[in-house]
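Using the sequences and the accompanying hints, generate a full structural model.
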Amino acid sequence: MTQYDIPVVLTFAGNDPTGGAGIQADIEAIASMGCQAAPVITALTVQDTRNVIRFEPVSALLVIEQARAVLEDMPVACFKLGMLGSVENVEAIHTILSDYPDIPVVTDPILRAGGGGELADAELIDAMTELLLPQTTVLTPNSQEARRLAPEADTLDACGQELLAAGCELVLITGTHENTATVDNVLYGNMRKLETFTWERLPHSYHGSGCTLASSIAGLLGQGLEPFSAIHEAQEYTWEALKNGYRIGMGQLLPNRLFWARAEEE
162 MTQYDIPVVL
172 TFAGNDPTGG
182 AGIQADIEAI
192 ASMGCQAAPV
202 ITALTVQDTR
212 NVIRFEPVSA
222 LLVIEQARAV
232 LEDMPVACFK
242 LGMLGSVENV
252 EAIHTILSDY
262 PDIPVVTDPI
272 LRAGGGGELA
282 DAELIDAMTE
292 LLLPQTTVLT
302 PNSQEARRLA
312 PEADTLDACG
322 QELLAAGCEL
332 VLITGTHENT
342 ATVDNVLYGN
352 MRKLETFTWE
362 RLPHSYHGSG
372 CTLASSIAGL
382 LGQGLEPFSA
392 IHEAQEYTWE
402 ALKNGYRIGM
412 GQLLPNRLFW
422 ARAEEE
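When you number the sequence shown by my numbering, it's gap-free, plus one each residue, and the end is 427.
No wet-lab data here; the hints were simulated from the structure.
A hint or two may mislead.
What the hints assert, rightly or not - Computed spacing ranges between beta-carbons, pair by pair: (1) Asp166 to Glu356: 29 to 35 Å; (2) Gly195 to Arg362: 39 to 45 Å; (3) Gly410 to Arg362: 41 to 47 Å; (4) Thr316 to Gly410: 32 to 38 Å; (5) Glu361 to Ile409: 33 to 39 Å; (6) Thr343 to Asp315: 20 to 26 Å; (7) Asp260 to Gly385: 37 to 43 Å; (8) Gly328 to Phe389: 30 to 36 Å; (9) Pro236 to Pro312: 34 to 40 Å; (10) Val231 to Glu252: 18 to 24 Å; (11) Thr316 to Phe389: 19 to 25 Å; (12) Met235 to Glu356: 32 to 38 Å; (13) Ala326 to Glu387: 34 to 40 Å.
Note that CB positions come from ideal geometry on N, CA and C, so glycine has one too.
Structure follows, in structure tokens:
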């Protein structure tokens, strides 16, 4: 690899005008992994650091045109999926991914904003489950999202198994929302629990933590790491970004995804 052979990660996500989550979070995390982010906007949102006020999906045709323009011009190393906005966008992205079956896919199933605002209804969740989970290399739901995606399951372990059965290769269920002393993120694959990663629970909540984790996994997969290593290293990066987070609005803290740049300066 020369200094100009930088892997490209194509990310589908909504725009967050605070810069804490959504497409800017993806860009910062992907760049921090040494990759070029190719951002495809799926939705425009009105939100602050407390909640999403409203959103409008981008048309499926425009999503397709954005993605095809990149794919016909650049060698994409990984796809990352975030907020998708509509069933039509899910169908469009499914079609695109079907044309590139050898490129890994990281899916962050964003169903609800940090403040509780709904970002996906039952129809959209069903479409994601049917069309996108079978195309997903790594799925990164938090525990609340896992329960919504696998409503028949009675435990988080059962959720992990059900999501694997839906077609995901690997499922990382994050434990931030659980009432536990530590944050326990559990990885499932090969129809079993593979690993539990335990992290110190930080004292705040953060706007864009899930985007940060999924995008850093995608960046590391784009760099050629095998999935287990990418998942582990991305959690380390995300925890440091949260630990170095800052309050700039009146709601949640924002992750400092560029903490490493300040460290190098010191």
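A quick look at each hint next to the structure:
1. About 31 Å separates the C-beta atoms of Asp166 and Glu356, a value consistent with the hinted range of 29 to 35 Å.
2. Judged by the Cβ atoms, the range 39 to 45 Å given for Gly195 and Arg362 is violated: they are separated by roughly 29 Å.
3. Checking the proposed 41 to 47 Å range against Gly410 and Arg362 shows it is violated: the Cβ atoms sit about 22 Å from each other.
4. Taking 32 to 38 Å as the suggested C-beta distance range, the pair Thr316 and Gly410 conforms, at roughly 36 Å.
5. Between Glu361 and Ile409 the CB atoms are about 23 Å apart, so this pair departs from the stated range of 33 to 39 Å.
6. Checked against the hint of 20 to 26 Å, the pair Thr343 and Asp315 passes, with Cβ atoms roughly 23 Å apart.
7. Range check, Asp260 to Gly385: about 22 Å between beta-carbon atoms, so the 37 to 43 Å window is missed.
8. Roughly 19 Å separates the CB atoms of Gly328 and Phe389, a value that falls outside the hinted 30 to 36 Å.
9. Checked against the hint of 34 to 40 Å, the C-beta distance between Pro236 and Pro312 comes to roughly 39 Å, which is consistent with it.
10. For Val231 paired with Glu252, a C-beta distance near 19 Å keeps the hint of 18 to 24 Å intact.
11. Between Thr316 and Phe389 the Cβ separation comes to about 23 Å, which falls inside the hinted range of 19 to 25 Å.
12. Distance hint check: the CB atoms of Met235 and Glu356 are about 33 Å apart, consistent with the given range 32 to 38 Å.
13. Checked against the hint of 34 to 40 Å, the C-beta distance between Ala326 and Glu387 comes to roughly 23 Å, which is inconsistent with it.
Going through the hint list in order, the structure does not satisfy hints 2, 3, 5, 7, 8, 13.
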